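Chain by chain, the residues run as shown.
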Amino acid sequence: MNGLFATARALRERGVLGLNARNGEFMLPWNPRRFYPLVDDKVLTKTLAREHGVSVPEVYAIIEIPRQIRELKAQVAKHEEFVVKPARGSGGEGIVVVTGRTQEGYRKIDGSSIDDHELAFHISNILAGIFSLGGTPDKALVEYRVNFDPVFDAVTYKGVPDVRVIVFLGVPVMAMVRLPTRKSGGRANLHQGALGTGVDMATGKTLTAVLGTRIVDVHPDTGVQVSGIQIPHWQTMLEIATRSYELTGLGYQGVDIVLDRKLGPMVLELNARPGLAIQMANRAGLRTRLEAVLRDRDGLKSAAERIAYARERFAAKPL
Amino acid sequence: MSKLHLYLLAGLLVLAGAAATAYKVFVLGFPLTPDQRSEIWRVEVQLNYDADGGPAKVLVNVPAETGAISVMDQGFAARGYGVTTERTALNRRAVLSIANAQGRQYLYYRVVVDLSKPEAGPPEPPPTSRAPRFRADELPVAQTLVDDARTKAADAQSLAAVLVDRLKLARPGDEASYLLGRDPMQSQARVPVVAADLLVLAGVPARVVNGILLKPERRNAHFVRWVEAYDGERWFPVYPTDALRDASRYLLPWWRGPALMAHVQGGSNLSTDVTVSRSLEFSTRVAVARQRALEHRLIEFSLFGLPLQSQLLFRTLLVVPLGAFVLVLLRNVVGFKTFGTFMPVLIALAFRQTGLVAGIVFFSIVLSFGLVVRFYLEHLKLLLVPRLAAVLIVVVMLIGALSIVSHRLGVDVGLSLGLFPIVILTMTIERMTVAWEERGPKDALQQAGGSLVVAGVCYVLIQHALVRHLLFVFPELLLIVLAATLLLGRYTGYRLVELRRFRVLAK
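Protein sequences, first through last, are from chains V and B. Final position of the first sequence in the working numbering is 338; the numbers increase by one with none missing. Final position of the second sequence in the working numbering is 510; the numbers increase by one with none missing.
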């Protein structure tokens, strides 16, 4: 019992944020419920992002009713590669990645091929809501396939690595690189077994990583060290992150950014309920940083000020 | 500001709840603990029938004071009816008559009996002799049974026992089953009737007794029958089953003879519904009586003023908020993961019908089979509502199959499992599949385990006699529960499991 209280006190001193505090003190007061659809529906998110000049993967087509499926072939004719995904999908369900053409139709990323009819059937399933949360009818999104920057190749086991930035009232407070592992099946969700690597807010260099509840320094599948990698375009990423606050009005959110080889950082998804494991990846508490923002936010008017503040205040301290 | 508001509100609620409770305890004298020694029972009978549309008369047998039973209070609630009581050869009977009855008629009879009276009642008059009710073709068979039993019996008591045993062990085709009739469902119920007639044929005065087994909080109680025989000095009971003999202390004799409890003239479709409860009102009757004497009518506006059926419902309903509070505690302070917000409380309510262990076992079995089916359905890519309906159908079939299997194995939970809420199971299966797909098996199993543990804790709490008593007698305690829940709504400290999750950060 004493041990428990000691742990609780130590966590409080390190400023670690718990679920109750995240929900009660940051999400409830700062994330008005009416803004949630903006992040839950990827079509809405993208439209907003384009309006605000935030880079997102280009949309080739949005399919809302089954009749539109017929037009798809013409719409993707000039794109060798594209991705089909449900607008309200979660956990990577229902995503088809096309990397080329074959005699029968399209080549998928795993090398198999899929013809027009099969693709149409998949899309009608998306519209029926099979992949959407709660099974409600959905829209299908056909968009640019991100060409991943090779920077994380050595520390990724298949799948899509991304950078998650927690933004509070427009100030980027903490970030991590989410690296898929064999266990996570190519997905970048930490609770599915992906590796989360902390990021020094000042420099954009990776720190040590968290796997489950353990702190590690190498990728479990590739054996390559994960710390000390410089994330390219770090300043741009911070700018994207801080602008996403103006985009949605959500005070507390997670911004998932991918790195394209040619086009640089792009927003893949916004999250109104970002998880707390990021604290372990960074070995730092969120609460301290969030409270600092609350204290100093009056002086932080412009995006540039907010970024400068984040880079200065939330620089990694040597442990 | 809003936090102060909350504290003030919670404080007021606690104050109000505590004050009302204290007033009831210290001034009105309501007991804080359920009085286990209370042997005062309250039985309510609801009689309904369809009137033919003219004068009608309902004849109802009512309990008479015999032996250790004393009737403390009784009465009819029957609007427009005139009530008289009369003595028949064996029973006390109430006659309710009305000049003009239209449509469905509802009559209520309420009796309060005290089983704790230690001294025997007044000596009963010696029996008047009667002829056995056997048909001419039955008489020789009956005579054979009696002669056979006489060779094995020494006195009236053992003769009665031998005869009852003989009837109970009747096999198709033998003498006993000839007297009991063909229908196997009916024959067990007829044992006391035939036994009484056989005893009369053997020269021992005997009669059938109809009564009720008094158990706390029974709805739709059935009348049971046994035999009374006279050994020359007094009447002694002979019970057709061991279960009845063991429970004989709680048997309330109601009327004697093979007739029905009530019959109606000038109407049809008479049905009766009997409810039994250990009377809290009378275990607290000092308090109630004092209040009445002071002409405080508060008691009439309390839960005690409700009809018995509603009182029983409220006894369960009032503990549900406590279950919800425990759920909040276990989820937000301890950090259990559960399916749905109130699913565990609903599961706990379902456990009331099966018991805890049997409930958990059956829940797990149905859940595992249901999950297998649900995973198969996943391949068929069904839409949400048809998918849920399909799972529901499978769940019903699973429950049916499990009931048959458990019955074959001689485990007697099968029947109560039939009432195990199927919708709860269906929704749990659906949610578990979604969790399994989206967050992985580990998470899904954690949530299932968490749900079961929380449900178990809630169950133990809402079944606790003291908790049920307190919340029923002092429903104002719910104000305190509400206050505590509101305060927990502002608890933003760590959950217990987070201490473990984030332990690397504490170093």
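Read the hints as simulated data drawn from the structure, not as lab findings. Since this is a predicted model, take the numbers as computed values, not measurements. A hint or two may mislead.
[To be verified] Simulated restraints on C-beta separations:
id : chain 1 : residue 1 : chain 2 : residue 2 : range
1  : V       : Y55       : B       : K510      : 48 to 54 Å
2  : V       : K92       : B       : V364      : 39 to 45 Å
3  : B       : L499      : V       : G242      : 34 to 40 Å
[Unchecked claim] Quick list of in silico lysine to aspartate or glutamate cross-link-like pairs, EDC-like style, CA-CA up to 16 Å:
id : chain 1 : residue 1 : chain 2 : residue 2
4  : V       : K202      : B       : E89
5  : B       : K60       : B       : E89
6  : B       : K384      : V       : E137
7  : B       : K384      : V       : E112
For each residue, glycine too, the CB sits at the ideal point set by N, CA and C.
### Message
Let me make sure I understand: some of the numbered hints might not hold for this structure. Which ones are they, in numerical order?
### Response
1, 2, 4
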